[in-house]
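Colleague: Listed here are the chains, written in short residue letters.
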Amino acid sequence: MSSIFHLVQNENMKIYRRIGTWVMMGLVVAAVLVAAIFTNMNASDETTNWRTDAESAIQQSEETLKNSEGMPKTFKDSQERSIAVNEYRLDNDIPPLESDSIWSFMDSSTGVVSLISIFTIIIGAGVIASEYSWGTIKLLLIRPASRTKILASKFIATLLFALFSLVILYISSFIIGGLFLGFNAVAQPYLTYSGGEVSETSMAVHYIVEYALASVNLLMMVTFAFMLSSIFRSSSLAIGLAIFLMFTGSQLTFILSQYDWVKYILFANTDLSVYFDGSPLIESMTLGFSLITLLVYFIVFLFLSWLLFTKRDVAA
Amino acid sequence: MAVKPIVQIRDLTKVIGKKTIIDQLSFDVYPGEVFGFLGPNGAGKTTTIRMMVGLMRMTEGEVLIDGSSIKTDYENAIVKVGAIVENPEMYKFLTGYQNLVHYARMVNGVSKERIQEVIQLVGLKGRIHEKVKGYSLGMRQRLGLAQALLHRPKLLILDEPTNGLDPAGIREIRQYLRTLAREENVAIVVSSHLLSEIELMCDRIGIIQSGKMVDVQRVNEFVKNDQAVMVSFEVDPLEHAVHAVKANFPDCDIEQSDRKVTLKIEHELIPEVTAVLVEKGIRVYGIQSSVKTLEDVFLEVTGGEQVV
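Sequence order for the protein chains is A and B. Numbering of the first sequence is given in the numbering used here, commencing with residue 1 and proceeding in unit increments. Numbering of the second sequence is given in the numbering used here, commencing with residue 1001 and proceeding in unit increments.
Just so you know, not all the hints are guaranteed correct.
Using 25 Å as the maximum straight-line C-alpha spacing, the simulated DSS-like pairs for lysine-lysine come out as follows [as the list claims (entries may be wrong)]:
no., chain 1, residue 1, chain 2, residue 2
1, B, K1019, A, K149
2, A, K311, B, K1080
3, A, K311, B, K1071
4, B, K1092, B, K1131
5, B, K1212, B, K1019
6, B, K1131, A, K311
7, B, K1019, A, K311
8, A, K149, B, K1260
9, A, K149, B, K1212
Derived from the structure by calculation, the hints contain no laboratory data.
Same shape as in the complex, but just chain B:
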């Protein structure tokens, strides 16, 4: 089954002066999926997003939104996009409602009812007629989301969408975005530095570093494709156990802590290690395997640079 991608990015390149900020980036995003865009600071996430929405010119390459080129057919391409670029900065001297009216006027066919619907959706109903000046960061974030949704875009681009929200708000937005992708078949591109967020929200992840796409994979593959897992055995006596493991599995990494021996082994080997330990008369109190988190993978892929 070939689903047509909503976003096609081909060899996207940005050169400023002599410096190549973005280097031949290519990826696709499909309808109904949440795509996480991950990378250390200065990797080029925001530059890429700015080029995707036409705020910056691309030096080379092409961005197609639902078949229309951002470069040559901007108005037809951008009408399918709703976005928040960095912080959702609004007109502070206007009310939330006036802000939405402002953006609604710039697209054809956004009715008053649609504005009300979106207000309800992002949960700003009670305070929409107050000036944005008095909004908290979380409320501004919701208003930002509202302006991006007004014209029912096929693609939603969100830069750090949960920034400034409290845990309940984060969960709400996360669930809302998932629903939007699932039920309305909207493609969502999310950039975030909160790895756990991306892990919970996204279907696929692209990791970018120094302007290059390092890896694009499905979230579950990302986390599980590396077969080796960390397994801790709570054993007594510890010395004997370490000795036994070293003798039988010379290739694996061993770490000891006060009552545990931790091994990096393939999932399939856990019963075998247990059998060896039991055979040697060592008491096994517990076996704990810890799956690698996205953070571990991320740090591995990007070479452990600072994330935030």
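So here's chain A without its partners, still in its complex pose:
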């Protein structure tokens, strides 16, 4: 009977009326600020001629390609890509990004996404468990709203928090980056290479995609923490376990990468950028395989959260 919109509104109120939430937001902006200050300090003033650099890069790549008998295909592909992009630059007079331009700063600020992951894990783990520790779960559940709807509203509110933080990060790194490093590179396009063709896209869009890719790991770890919160009804356990796995997961899969079954482990699939720019952990893995694996994990996490939230008694 109560609409999901109102329930999400309630969850939002409970998230944003707490000071801790705004401290997290403040830390995100502070992290960007610190990064900008360091980038500004280390910025080199020497200007190199990018045209000669590009020409020599093309030459070098061509040399390597000539002697690349027996080299893996991905390696040859990356060389061809480098040649195509550099030629396009020379033909259309598009210089590469300088290390102290606003867009390369945006590139490095995607690292702050992992900070947002931690904060969203904290929010997502607390959104269920806190109701139990505050005792408010009893008054929350005796309303004409099914437990499924209440759980859904909590998950949506958690994702909205992540989205909100990402928007804050994006905007603040654009503004702060611009203020410290100048906005003069803003109009520069991003060059993509696919199927032998180089095309221009907007840098702003490119970085939104970058953020989205960086958020896959965030989404999975937050859903994992959400599930733990529903199972254990304890936010500290959920936060601890989720953050621990977030930091050790990729190392774990790397250590185990000699086995083929490692591709079914969640952490082997969370970094989707390897399919666009790099090579996957295991040769046989494809983007489709990773997406399906992630989807299966996602559904299992949500199903377990739902099962334990809706079917269990609320005892003292």
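Assemble chain B onto chain A, guided by the hints.
Modeller: Below, chain B alone, put in the same frame as chain A:
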């Protein structure tokens, strides 16, 4: 006249592991009455209330609220219920008002005016925009009552509603609940360990012990159905009086204190005992009959286990 009960509880049973916590509990509560739910600690009061509001699943049995089943038609059943389960825990970092808005959003049709009305009703008007963090237990109790009343429920379930209130507050709440039952025909289920409270507030009482309903009766019957009352006679000389009573009423219990002889007799026998005493030339200074309190009955029914 057959009034339709608002709450129908049938064979309510809860088994956790191998232990039967609640054993085939059945009772009805009618519109406009205050039903007291009484029992020693661990008897299963809170478990029963938790099952009534759907926080715990029932192993067997059925709870119907105004005809809708808590088990199979939860949303339609619970919308008629306002409740406080154990302590009224609120979001401490929100103000009282924000807390009420939170619960108002979860039901259809609670207007801003209704929120104001309820705030006025529970007497929180002056401090409703302060954070709950700074509320006293009594104020939290009032806020708890406010959230339970927002959607004009037909059934109010209150666990220890006067806990933490000062005597004036207790009286206020008590009178308010009575008015609510009388004028708005709301059924109220109150659990409490304060027996005197229940006695003053409730129309009917159900006593539960070890998960079983021991007795359900009207309050006045509860207290008065046992005809024998304790009667103290202030007499002189005491020895003669005891002797006379023993000779004439051999069946009754006699207790002596320094100037009084206390008998457990039926109300009707008081004049006869007095006549006997006067006949024997014993001076009678006073006659005092003490009605059994609910506490006496309660302890009797539950076998004198600790109440609190």
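Colleague: So, for every hint listed, does it hold in this structure?
Modeller: Now the hints, each set against the structure:
1. About 32 Å separates the Cα atoms of K1019(B) and K149(A), which puts this hinted pair outside 25 Å; it is violated.
2. A hinted pair counts as satisfied when its Cα atoms are at most 25 Å apart, and K311(A) with K1080(B) qualifies at roughly 23 Å.
3. Restraint check for K311(A) and K1071(B): the C-alpha separation of about 12 Å stays at or below 25 Å, so the hint holds.
4. Taking the CA atoms of K1092(B) and K1131(B), the gap is near 6 Å; set against the 25 Å cutoff, the hint holds.
5. With a C-alpha separation of about 13 Å, the suggested pair K1212(B) and K1019(B) falls inside the 25 Å cut-off, and the hint holds.
6. Proposed proximity of K1131(B) and K311(A) is contradicted: the alpha carbons are some 33 Å apart, above 25 Å.
7. Restraint check: the Cα-Cα separation between K1019(B) and K311(A) comes to about 20 Å, which is no more than 25 Å; the hinted pair holds.
8. Proximity of K149(A) to K1260(B) is assessed by CA-CA distance (about 69 Å); at most 25 Å being required, the pair is judged violated.
9. Taken as a hint, the K149(A) and K1212(B) pair is broken in the structure, with Cα atoms around 35 Å apart against an allowance of 25 Å.
In this structure, the hints that do not hold are numbers 1, 6, 8 and 9, in rising order.
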